[in-house]
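**Student:** Chain residues, written in single-letter form:
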Amino acid sequence: MDEKTDNKDILLDVKDLRVYFYTGAGIVRAVDGAAFGLRSAQTLGLVGESGSGKTISSLSLLRLIPRPGRIISGRIDFQNENIMEKTEADMIKIRGKKISMIFQNPAYSLNPIYTIGDQLGEILIWHEKIKRGEANGRIAELLRLVGITDPESRSRQFPHELSGGMKQRVCIARALLCNPALVLADEPTTNLDVTIQAQILDLLADLKDRFHMAMILVTHDMGVVARMADRISVMYAGRICETSDAGTIFREPCHPYTSALLSSMPRIDQSYSRTEARRLTVIHGRIPNLIDPPSGCRFHPRCPHAVEACGEMMPEPEQIGEDHFVSCHLSGQIRKGT
Amino acid sequence: MSVAIYPAKSEKGLKEGKMGDRQDIIRIEKLIKLYPVLRRGIFRSKEVGIIRAVDDISFSIKRGETLGLVGESGCGKTTTARAMLYLTRPTSGSAYFNGTDILKVFRTGAKEEIFEIRRRLQYVFQDPYLSLNPRWSIAETILEPFRVHRHLPQKQWEDRLIELLELVGLERYHAWRYPHEFSGGQRQRVGIARALAVEPQFLICDEPVSSLDVSVRAQILNLLVELQEKLGLTYLYISHDLSSVRFISNRVAVMYLGKIVEIADVDELFAHPLHHYTHALLGAIPVPDPEAQTGHSILKGEVPSAMNPPPGCRFHPRCEAALKRCSEIEPELIESGDSHSVACHNPR
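So the sequence lines, in the order shown, correspond to chains P and S.
FYI, in my numbering the residues of the first sequence are 1 to 338.
FYI, in my numbering the residues of the second sequence are 1 to 348.
The shape of chain S in the complex, shown without the other chains (with noise of 0.2 angstroms):
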């Protein structure tokens, strides 16, 4: 497959990068997104709480670098990714995409800029039983993003669909079956091949393997890795499956309550955590293999509600080393090293 199908257009639309760093193609500057949580009532409802399910993060992405945010269940991994694409609507923060502001776009922008900026950030949901809609052909599916964005003149569709199933891996007649057909490995495939419709540079890829039985996840992680290569496209990987997340990412943030723990190069951060919580986290995982299991430390408790997090540090309740003013100043994100920064009062 040649490079060919990816057109080195011009960011019409999209100023080019002047106040930002132009190797960052993404970043995140203190993004806050809260859920009010009513209790409602037959007249009005009343506001009982806040749940913070992401409290003032930042982040950048390199071009062609996959970052991978891991973290446990409700920590905010998924919600993060949809308030940068504003697919759910964050409270506050900005997203820089190329040295654009898109959250502002997204609010106050033409319909034509917003198009321009969907087409570039696309969007791997996790499970490709509930992506595809089982009513549509694959051909289908895969031209909805062509008949949004008119992109293309309609006589260039159908080279292009050939193109996009050769590039995840399909067969050309493969276009025409629908989603029960096929099984979830290349289900996933077809999600793939949608996202790629548009000609994005940045995908977010949310749990892509996890629906995934094990011996397809290894053809899916390839396929991802080959395609950045081929075309050049930055990957925010979103997993709490550390092995695929230290496979696939160059880099890798620690999400804990809301918040980015640490921050770092992911063989420093797999050999080398400075944060408690990541160093529990990398020592709960069973590894495969029966003599590699001693020294594991095991987290007690649970994750606390995102609705009354612990004051100060959030993991301070469960840390083993926590000090007096870990439960009272909340510790900021410092780059404790080369490119690994820690939010810790106490590292290891």
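The following block holds chain P by itself, in its conformation from the complex (with noise of 0.2 angstroms):
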């Protein structure tokens, strides 16, 4: 994020992350060198395909990262505090407190085999410590703002006899039960159907609103972050190749991986019977591995605009901008279409 606006209320400031694995087959460079931030209340869309690190980049402000991972480098400052030099007692205590997480699929996400109740009191019990009973009647209050029905009877219930929506909001009652600062949702709704992913996206926006938290959404839909993101930062192979408010990464995307990630989309408003347009645009090739990623920038042996200095020089990012980063040798000169 820009060090020359206003400090005040940047709630998450991530500088070069780096996340390795260090795996039999070689070092695989999940993360690295990322960067990105948000302010409070503001909804960050961490936009990429599988394996771009946006899931790492998320998990890696809450320190866990899944082993023989391991964050190398970066500096994570969350209001004001660098996460990177916690003890692990501290970030018990932010954990699930100041920063919850919403994961892809609610199904993994819930204990079977313990009710509702018991694991949404648990939290409570744990970071707030109050007693049970207090603590049923904040979840029974939560459950009743996500949108549940009979709350005190629902969490009695276990979570195989809760549909999949259902599921997923008390996942999201779930991350509130503290009154975070920051959300972490990864995918929440990818494993959901349209009509479901609706509602959710709603409950989630109306949400934020109400607890004026900040949230990061992990996506690789471009629809959702385009309904809720203020704004996006989008990942390519461990890195940030574009960050700026939502209306200008959809308008006037200067990365040429983003414009080519939103015209390879088909689009429900766009009609495709004319023969001519029965084609969609292509990226060629595929997303690189990690173990041995292409020199220079990232994106340059699938980049239509590639010179040189591309295959040589990783970019850093540049601002182009009111609070528009690229990371692109030809920045200034790419527009969408051109």
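Keep in mind that the hints are not guaranteed to be accurate.
[To be verified] Just the calculated beta-carbon pair ranges, DEER-fashion:
no. : chain 1 : residue 1 : chain 2 : residue 2 : range
1   : P       : E122      : S       : E29       : 49 to 59 angstroms
2   : S       : E171      : P       : G26       : 22 to 32 angstroms
3   : S       : W136      : P       : P301      : 29 to 39 angstroms
4   : S       : G74       : P       : E141      : 25 to 35 angstroms
Keep in mind that the hints were calculated from the coordinates and are not lab data.
Where a beta carbon is used, it is the ideal one built from N, C-alpha and C, also for glycine.
Can you join these two chains into the complex? Each is in its own frame, and there are hints to help.
**Tutor:** Structure representation (structure tokens):
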């Protein structure tokens, strides 16, 4: 994030984050110099394809990188304190309280052998040091807020008795239990049907305003970020290639990957029935192997605009507009459609 | 690639459609698939209910066109596809392929007849990670249909294998590799090559791109369109992703709880949906444009269980425009205009 702007309400500022996985096949550079940030009550959309490092980036904020991964370097300033310098005991107080998480698959992220009330109550009792009875009241209140009718009897049920959409609502209630400043939502609607997805997205937007919290929305769906995010960071192969407010990303994408990604997706508001329109723009090639990533700009082997410098030098983020950062050697010259 | 690899063979074993419209390559009539719900006891099981997975649906597909079949999970899209190919035994109904009742052939026909039909109707599966045998090389996978069907003399197999690989955009040397060496997109190409090995006329593509990455989806969708143009294939394209359906389909059928609620030409359906469910479904799709996010209607509630579907119109408990008779009389799928059919008492 830009250092010159007012630093007061900057909630999170991540700089030069590197997370490597030491596997038998070699070092996987899952996140390699990512920088992103957001202000309080803002929604940041972290967009990218699978393997681009978006989930690992969000997990690093909680220092929950699974082995054999390790955070190699980076500075994660959350509420003006560096998370990288915290002890494990401090982290336990942050996880679930100040930063909470909504996972992709609600069926796997709820414990099947405890009732809804038990597993939500555990969090409150642990973080807020309150009694069981008090916890039940708060849980019922939150379950009602996320749209679950008859919360008292629902909290006595087990996860398998709820539908997928209901389970995700429970997970959202769980993430909000301790009034967090930041919620990490990792593909919160990918496993849900579109009509349920619309309900959950509306619910998230509504709760975000009500609780005045910030959210990082990790997703591969450009449609979802367009609906939800204030600000968008596009990730490719472990690096952020473009960051800007949502409107700019969609209207004037400056990184070739962003514009290629946008134009390669079929759209429901466009007709394809004429024969000449029956081809989608294709990003050739495949996502690079992160054990041996391409030299220079990670995207250059697939980039239609690549010049010699792209294969030699890693482009650094460059500010090209108000709150618009692009990591591309040609950022000034490339505009959508040219 | 020349069209020569697709020899215009006579449809031996298949009576050319005298009874049906020659234009329709596939016609499904009153297809029903019910699953009994059993409560298992020690000695006997008791039937406690019936899931009406596919409940009396009819549609037809014209030669060379793509019919998109959309709906939410559990609405019966895949069951429809599997039942029409007899991969699961349909409860009743008929499916005509070039005028031949194939379900009857599958039930009572000779083995040769069944094989001949199986050759013409092929299936591309959803998950290319699960539908390829990890212990078989790509060549073995693609040649498996040759071993089963024996439609080509063995000395032509190798040439044909290379043709198929090139057709789907793979290289010759890929033949001796194994699935784990491939990316998702390449695996799906192998799945498509395997389906094309027996020279089908009709392909069922069941969510062929939903497990692939965004940047790879476009490649596979383009490939499917190219193959259709080159080989004159007909597709049934099943998906819950309406944007890819919009791209690839000529006509679209919308399913809800085992019923087709609306069927129309693709542009007509997306521009003027008549059924309230179709309208809500289209409104629920987030459009990749922050300024186009207004006015979406949000559907309340969830899809009811197919075991006890609501009486009358199955959508009426969630429908804003429901009338009294919607809960009493089941609406028929009625043509309401230029090749636009809808099953609704009070269409939009």
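**Student:** Each hint needs a verdict: does it hold in this structure or not?
**Tutor:** Hints versus structure:
1. A hinted range of 49 to 59 angstroms holds for the C-beta pair P:E122 and S:E29, which are about 56 angstroms apart.
2. The beta-carbon spacing between S:E171 and P:G26, approximately 25 angstroms, falls within the hinted interval of 22 to 32 angstroms.
3. A hinted range of 29 to 39 angstroms holds for the C-beta pair S:W136 and P:P301, which are about 30 angstroms apart.
4. As the Cβ distance of S:G74 to P:E141 is approximately 32 angstroms, the hint placing it in 25 to 35 angstroms holds.
Hint compliance for this structure: every hint is met.
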